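A.B. asks: Sequences and hints are given; from them, build the entire structure.
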Amino acid sequence: MTQSDTLRRIVLMLPALVAILLLVGAPLGLMGWVSLLEKGTTAGVDWGSAPSIGNYQRLVWEEDFDGTLILNTNYLVIFLRSVLQAAVTTLLCLMLGLPVALWMASLSPTGRAVMLLLVTIPFWTNLLVRNYAWLIILREGGWLGMAVDALWPFGPVQLLYNDVAVAIGLTYSFLPFMVLPVYSVFEKFDWRLVEAAHDLGATRARALRRVILPVAMPGILAGSLLVFIPCLGAFVTPALLGGGKTLMLGNVIQMQFGPSRNWPFGAAISVVLLAVMLLAMTALALWRNRRSA
Amino acid sequence: MAETNTVTIRGVSKAFGRGDAAVRVLHDVSVDIARQEFFTLLGPSGCGKTTLLRLVAGFEIADSGSIRIEGQDVTHAPPFRRPVNTVFQNYALFPHLTVEQNVAFSLEEQRLPRDQIRQRVGEALEMVRMQTYARRRPSDLSGGQQQRVALARALAPRPKLLLLDEPLSALDLKLRKEMQIELKQLQAEAGITFLFVTHDQEEALALSDRVAVMQGGRILQMGPPREIYEAPTHRFVADFIGDINLLDGEATGGGVRVAGGQTLPVQVSRPGPVTLAIRPERARLVAAGTGVMDATLVHSAYLGTATLHKLQLASGGDFLIRQSDPVQAAPEKGSRVGIALPTDALQVLQE
Ligand SMILES: Nc1ncnc2c1ncn2[C@@H]1O[C@H](COP(=O)(O)OP(=O)(O)O)[C@@H](O)[C@H]1O
Ligand SMILES: [Mg+2]
Chain A
1 MTQSDTLRRI VLMLPALVAI LLLVGAPLGL MGWVSLLEKG TTAGVDWGSA
51 PSIGNYQRLV WEEDFDGTLI LNTNYLVIFL RSVLQAAVTT LLCLMLGLPV
101 ALWMASLSPT GRAVMLLLVT IPFWTNLLVR NYAWLIILRE GGWLGMAVDA
151 LWPFGPVQLL YNDVAVAIGL TYSFLPFMVL PVYSVFEKFD WRLVEAAHDL
201 GATRARALRR VILPVAMPGI LAGSLLVFIP CLGAFVTPAL LGGGKTLMLG
251 NVIQMQFGPS RNWPFGAAIS VVLLAVMLLA MTALALWRNR RSA
Chain P
1 MAETNTVTIR GVSKAFGRGD AAVRVLHDVS VDIARQEFFT LLGPSGCGKT
51 TLLRLVAGFE IADSGSIRIE GQDVTHAPPF RRPVNTVFQN YALFPHLTVE
101 QNVAFSLEEQ RLPRDQIRQR VGEALEMVRM QTYARRRPSD LSGGQQQRVA
151 LARALAPRPK LLLLDEPLSA LDLKLRKEMQ IELKQLQAEA GITFLFVTHD
201 QEEALALSDR VAVMQGGRIL QMGPPREIYE APTHRFVADF IGDINLLDGE
251 ATGGGVRVAG GQTLPVQVSR PGPVTLAIRP ERARLVAAGT GVMDATLVHS
301 AYLGTATLHK LQLASGGDFL IRQSDPVQAA PEKGSRVGIA LPTDALQVLQ
351 E
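As they're listed, the protein sequences go chains A and P. For the first sequence, the positions run 1 to 293 when my numbering is used. For the second sequence, the positions run 1 to 351 when my numbering is used.
Worth flagging that the hints you see were computed from the coordinates, not collected in a lab. Everything numeric in this text was worked out from a predicted model, so none of it was measured. Don't be surprised by glycine CBs; every beta carbon is placed ideally from N, CA and C. Heads up, some of the hints might be wrong.
[As the list claims (entries may be wrong)] Covered, in the sense of this in silico footprint (three residues per stretch, anywhere, with C-beta under 8 Å from a C-beta of chain A), are these stretches of chain P:
| no. | region |
| --- | --- |
| 1 | 49-61 |
| 2 | 76-85 |
[What the hints assert, rightly or not] Pair ranges (Cβ atoms, derived):
| no. | chain 1 | residue 1 | chain 2 | residue 2 | range |
| --- | --- | --- | --- | --- | --- |
| 3 | P | Pro224 | A | Arg290 | 34 to 44 Å |
| 4 | P | Arg111 | A | Ser108 | 34 to 44 Å |
| 5 | P | Lys174 | A | Leu117 | 46 to 56 Å |
| 6 | A | Arg288 | P | Asp172 | 30 to 40 Å |
| 7 | P | Gly46 | A | Ile121 | 34 to 44 Å |
| 8 | A | Asp190 | P | Ser324 | 25 to 35 Å |
| 9 | P | Asp172 | A | Leu7 | 42 to 52 Å |
| 10 | A | Ile121 | P | His27 | 44 to 54 Å |
| 11 | A | Leu117 | P | Pro224 | 40 to 50 Å |
| 12 | P | Arg111 | A | Arg288 | 48 to 58 Å |
| 13 | A | Pro15 | P | Asp172 | 45 to 55 Å |
C.D. replies: Written as structure tokens, this is what we have:
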């Protein structure tokens with residue numbers, strides 16, 4: 001490769017590099033920097049404060065009156081609850097999305113197009129509107145509440161403002177992110193492999209476990225990441241359907257930037273969240289590489 | 001009574017589609033396949049070979065009729081309950097599994113002990129000479145190697161019956177010839193009944209103990225390759241397998257009178273128009289006036305092992321003679337010659 005070639009490459013890559021630096025690198029760097037600063041008295045950040053890791057310490061340790069550090073599990077609990085909530089949502093999306101995607105792939109081309117449209121329609125509706133819709137369905141006297149009350153003999157059931165409501169809302173919001181990647185795998189799936197599995201003695205359930213799911217694994221992993229990661233940071237659904245009682249990480253972060261006006265602490269939580277997500281993705285990528293090696 | 005057949009197919013019919021759109025693909029097909037027989041379904045594309053195979057495998061269920069395997073009625077049994085394995089046309093190897101995992105699949109489904117699985121996988125791979133590829137993925141293999149793995153995978157559970165749907169059609173000619181020989185050896189070694197599907201008549205004749213020629217969802221003729229080749233009963237069978245000369249004639253009390261020629265002493269059950277068939281290598285070129293009829297020599301082609309003469313009959317039709325006698329010189333092009341037809345080589349055909 002000649003020198004002018006190298007130069008040409010750099011020049012051609014420049015716009016992309018600048019865009020990445022400006023739109024991804026700079027905000028992330030800013031967030032990282034802010035997370036090391038202190039909360040300002042009037043604005044969210046005291047730009048003049050000396051950088052320290054105090055905000056990160058605050059996630060786990062609390063300063064007592066006499067200055068000793070004691071363990072504060074509040075944020076850890078919220079963090080674990082968020083992971084659990086996101087995991088449950090991912091699982092629900094898998095349980096619902098997998099059969100739907102499988103069924104969609106078995107339709108005629110027209111049927112597939114119609115189903116794809118139906119699956120993507122919620123994307124075109126505002127997130128708030130969709131959550132308020134669930135609010136109406138789940139609230140006391142809503143039609144689902146009435147139906148459940150009619151079937152459940154032990155008094156009225158509270159459907160709204162709890163973890164279940166949040167799980168329902170999140171599952172509804174993120175289901176398309178599961179269905180679409182899984183469907184794209186099933187669409188290309190060679191169904192003769194299932195016949196081969198049956199031929200070799202596998203029942204329907206065994207063929208699903210040993211052939212369909214493994215071959216669909218890339219789509220399942222992609223879909224799971226696409227659901228799990230935004231779920232971890234979700235704040236609209238937990239705020240509306242959880243009634244503010246069941247906080248998730250997204251709500252804590254939003255509160256720091258909003259009412260609490262403590263941007264550095266919000267930034268610190270965001271950095272930790274980001275780190276956890278990157279870790280999860282790296283682990284998954286490594287695991288997949290090892291499997292396909 | 002001990003069952004001597006591996007497969008007994010009785011009056012099987014199958015249609016695809018519903019109502020007015022239904023298309024009948026198999027019409028009242030009956031086949032018996034003996035133990036350890038190499039049985040071939042031969043016919044042009046679309047004649048229903050694959051459908052019949054899929055009925056035996058259990059991927060489709062017959063509309064009527066019955067299928068028994070080793071005396072057991074499997075007409076409505078799902079594929080995973082049949083003692084049958086299939087070598088698919090496109091191999092259908094599991095892409096996410098290695099070669100040995102592919103071969104072990106059925107053994108694991110049978111929940112055999114681990115060391116036994118390892119041993120049988122080894123045996124199956126050895127049979128197709130693929131031991132060194134055990135750890136590879138199917139995508140790393142050539143077509144011929146994938147073919148071998150598909151065979152090993154289907155043979156590993158030691159099925160009573162192996163179904164092969166045009167297993168060699170994706171291979172190039174040289175590899176196909178090699179695999180044909182291997183298949184035949186494998187079948188003899190393993191002692192398994194083969195139900196083989198092909199549209200290649202040469203392949204069918206070379207490999208099979210018996211051949212069933214299919215057309216339009218029906219079996220026209222069934223028998224050993226020699227019988228199919230030398231004594232075709234249908235015009236379609238005669239035409240489909242190798243070169244053949246067809247002569248129109250009129251059956252009378254004393255035999256068959258060939259259009260523009262003599263009456264030949266061929267026995268026909270009832271008088272009327274018939275078609276006589278004779279292979280080019282069974283007809284002989286003789287001096288004009290001494291044969292059954294005369295014709296004009298259009299062209300002679302020297303083929304090394306034989307000479308192929310193309311004649312034109314008085315009726316305008318073509319007639320081929322394949323002469324393997326090397327000493328006899330070919331007559332001049334355009335000259336009048338005679339055609340001799342040995343009576344024992346003549347076939348009377350149904351339409
Ligand atoms: N699943 C199906 N649905 C509708 N028609 C089919 C189906 N499978 C096969 N056919 C039709 O049945 C006929 C026989 O097909 P097939 O058994 O595959 O023939 P072959 O294997 O001899 O080429 C063809 O006309 C084909 O179009
Ligand atoms: Mg076919």
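A.B. asks: For each hint, tell me whether it holds in the structure or not.
C.D. replies: Okay, the hints, checked on the actual structure:
no. : hint                            : verdict
1   : 49-61                           : holds (count 3)
2   : 76-85                           : holds (count 5)
3   : P:Pro224 / A:Arg290: 34 to 44 Å : violated, 55 Å
4   : P:Arg111 / A:Ser108: 34 to 44 Å : holds, 39 Å
5   : P:Lys174 / A:Leu117: 46 to 56 Å : holds, 51 Å
6   : A:Arg288 / P:Asp172: 30 to 40 Å : holds, 36 Å
7   : P:Gly46 / A:Ile121: 34 to 44 Å  : holds, 42 Å
8   : A:Asp190 / P:Ser324: 25 to 35 Å : violated, 49 Å
9   : P:Asp172 / A:Leu7: 42 to 52 Å   : holds, 48 Å
10  : A:Ile121 / P:His27: 44 to 54 Å  : holds, 48 Å
11  : A:Leu117 / P:Pro224: 40 to 50 Å : violated, 59 Å
12  : P:Arg111 / A:Arg288: 48 to 58 Å : violated, 29 Å
13  : A:Pro15 / P:Asp172: 45 to 55 Å  : holds, 49 Å
In summary, the numbered hints that this structure violates are 3, 8, 11 and 12.
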